[in-house]
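Enquirer: Each chain, written out:
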Amino acid sequence: MQFFYDGQIRRYLLQTIRLLSNFVVKYGDGRLVRVPVMYGDSDRQVAHIMKQNSENKINSTPRIAVYITDLDLDKDRLADATLVSKVHIRERDVEDGEYTSTQGRNYTVERLMPTPFKMTLKADIWTSSTEQKLQLLEQILMLFNPSLEIQTTDNYLDWTSLSVVNLGDVQFSSRQIPVGAESNIDVATLSFDIPIYISPPSKVKKLGVVHSIIMSIADTIDRGGDGYIEGLGVDLVPTTPGTRIIDTVRTTIDSYRIVVYGGQARLLDHGENTGADATDITDVDIDTEGSINWRTVVDAYPGKYRAGISQIFLVQEDGTEVSGTVAINSLDESILTVNWDSDTYPSNTDIASTYRPNSPGTFDAIVDPEKSAPGVGLAAPSVGTRYLIINNIGGGIRETLIADNRSNRIDTSVDFDDVVNVRVFVNNSEVGFSIDNYQGNLVIKLNNIVNINDVITYEIQLNEDGPAAWKNNIADSNGSFDFIANTNDVIEWDGAQWIVIFDAAATTDTIVYLTNIYTNVQYKWDGISWRKSFEGEYPRGTWRLEL
Amino acid sequence: MPRLSLYKPERGNDYKFIDRQVSEMFQVGGTDLYLHKYIGVNTSEANATADQPNYSTLDVTNIQDLLLLENRDRKYDASIYKVRGIYSVQNLDFNLSQFGLFIDNDTIFMTVHINDWIKSVGRKPISGDVFELPHLKDEFALNDYMIALPRYFVIEDVSRASEGFSQTWWPHLYRLKLKKIVDSQQFADILDQPATECGTETLRDILSTKGRELEINDAILAQAEADAPKSGYETQQFYTLAVDPNTGKPTLETVDQTDEDASNTGLDASRIHGRAQRSGYVGYLLGDGAPPNGYEFGHGIQFPSTPQKDDYFLRTDFAPNRLFRYADGRWIKVEDSVRHTLTNTDNRKTLKTGFINNTTTNTIAGETVEERQALSKALKPRADL
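Chains as they are written, first to last, in our numbering: chain A, 1 to 547; chain B, 548 to 932.
Just chain A, with the same shape it has in the complex (with noise of 0.2 angstroms):
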């Protein structure tokens, strides 16, 4: 066990000694003379120096000698040992050693139920006269009605520093009477008790309060053997009851969404709509014309505000937080000037390839490849080169599906005359296949049935020619040097041709993190589009400041 020592009894005793301190008796000269009050059980070395060591040294009355007799466990007021109480407490801050008018650190205390005794103290005075000990014992008693409080500490979170000192026994006199051939001292004895507590020490933490309250409704319905659920039939997605989530309600301390785009953050007020453009995945254009003040929610936040030292914390969809240390803009304080940490974005997703082995997750640039192209823009690429393209290429049509029942028939709209070549792969192995023509448009019909959930794509070569920059340098299985792809693919030269290595339209339940090494920036496919990784909207509850 560490050593802990407070002094909480020798507290008590400072404060017993205090309300007996400064009386006086009156002599008949009319001076006050004050009586010292001391702890009774002195050391004898003490005792002696205090006598300045010599035998000739004269004792003073009148005095008073506060001493412990007992001290007792309160089993009455034992109470839970185990309660850990809580305060939380905001600090003001403080400037060249002075207290300010703004807000400083913030704290929590856990105060661990503290232990009750019953303290006795007993007060012994020494007077040379009876007129004396009543001047003494009318101005003391008085105050005891029947008890006074006193209180070790003026500390708002020491919860046991307020007591009471009970008056009890009062033995008026040492001597008896008749007093005899000595006259001792005569000695008026005040017994006192009070009430305290011990304490352990208290837990001092960084300000903890609730911010956040994350509230899920889980599936609790038992749907029987057969799964079927009454009234609506048999659930599609079977689960175990009390393990799917249906929906789930956030409160924030504030209740504030935010926006985030570049280097900056913006609170939203309620029913504010953000203005951004989700599908530019270059560029967020985005109402920047802040009206909530960041001072609202900072203030609310427990902590101090560090500029440049304080963080926003964004909670992405797999549960990672990104996180920034923030500055709320002295122009215009409805903007945070986040300083992004790279080291928390997410994990970029890995597209193996063999022949970018050192960095799968990246892509070199975003191309829109009806502007540029190798040798129109872009340099020649080399083994390993990936682009993500924003616009489709190639003479032809290149889908994906998947296959949500068991068939070897795929219906297309194409104009079966325009067909040139058609290449399929199934689950990214090239697969055979027939074609024919139902009613003008082009029907492919696979040699073998596809199983449920098979990712299916086909390349359909028109009557037209590709992009020459975009052409392969090898003919493909049917002959053809035309590449296609389509919008936000990821496209990665293999030396000879390119190759589709992400397939949106395939990607539709998957988030994908890929970084362009370009601009450093990492983005994020949702099934729906490319965005910027991390930016955007965040409702309450996904983000939080940590001062």
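You may find that some hints are simply not true.
[Claimed, not checked] To give an idea of the interface, some chain A residues facing chain B are shown, with a C-beta separation under 7 angstroms as derived from the structure: (1) S21; (2) P36; (3) A65; (4) Q103; (5) Q151; (6) I253.
[As the list claims (entries may be wrong)] Quick list of the computed label-pair ranges, beta carbon to beta carbon: (7) A/Q45 x B/L922: 46 to 54 angstroms; (8) B/L922 x A/P195: 29 to 37 angstroms; (9) A/N145 x B/T578: 54 to 62 angstroms; (10) A/K205 x B/S923: 55 to 63 angstroms; (11) B/E772 x A/N145: 20 to 28 angstroms; (12) A/S202 x B/T863: 36 to 44 angstroms; (13) A/T248 x B/G847: 52 to 60 angstroms; (14) B/I694 x A/P195: 22 to 30 angstroms; (15) B/S635 x A/D70: 40 to 48 angstroms; (16) A/Q45 x B/A769: 22 to 30 angstroms; (17) B/G876 x A/L73: 57 to 65 angstroms; (18) A/N53 x B/N662: 37 to 45 angstroms; (19) A/Q176 x B/Q783: 51 to 59 angstroms.
Since the hints were made in silico from the structure, they are not lab data.
All C-beta atoms in this analysis are idealised placements derived from N, C-alpha and C, irrespective of residue type, glycine included.
Starting from the known structure of chain A, fit chain B onto it as the hints suggest.
Expert: Leaving out everything else, chain B in the frame of chain A:
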């Protein structure tokens, strides 16, 4: 021839011869005693009552308190008498008590020559006479003074010593029972005397433990006051967030807002937040008469004439002092200053001590009346003459 008898009804030559020998023996073998002669009690006409009368003359037979039978304010002759005495020196044992060190066997029995005493002092020794024994001075005590500490005794009982009866049956010696004096009211007249002829220190200063005890008591009080300067709890160091009472959100108030009155000289240009309307901390005895967050405030016995919104003002004519905040055209009570020192000072004014620490005088029908009066004496009928 009369029958042989050493006893004679009168003190004859035999007595005188023996008495001279005894006197000589005290002169040769005795020690000096410096006597502070008790001469009566100090009384005053102003404080006189039937049971504590005032005596017009000093007399050793006067009794100061006829109820308690005490002579507390003893008066001693300014002259110091020198007599001789003999006693048995004994070893001392210290007794450590709750009031410090006492000497267990500090009672000594001193014998003095009757006739020499009477001749020198003028009366018989009585209880209350105080001796200094110069041969017991302590030159090496742990004091900073350049003088030795004398030892004082007070006569408790006086009788004639059995060994002082000669063959003539006439007594020659008094037996005095002496105890060490203490620094008490009874011996204040002696201890108030200067310790040296040219110094300012009194005998009490060098002899009594009182000064040191008061220093220690003061140190204890200082620590107790440091632990708990005032009753209740200190919350001035804590911050109260100003919140909108309707929305619960922090209120902001900056000088760039259009509704701020630029002529308001009390407005702090660096102020960002609205002012808290009261302290956010609640509990027992928290009111200290100061606004939350250390806001500046005025004080006085009447409100200022041109207040601004959220101005704080402490009315010192209220008991206890009351803090107000100005809002919506009126002064709203915030709190009372109820925190007081816990030390028994002369100006502490709780409910009880407000009755004791009271120097107020009232003019009632042209007569000045002290407000504080003993309950037994308040409004008693006054004598006509």
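Enquirer: What hints, given by number in increasing order, does this structure fail?
Expert: Per hint list: 6 and 14 violated.
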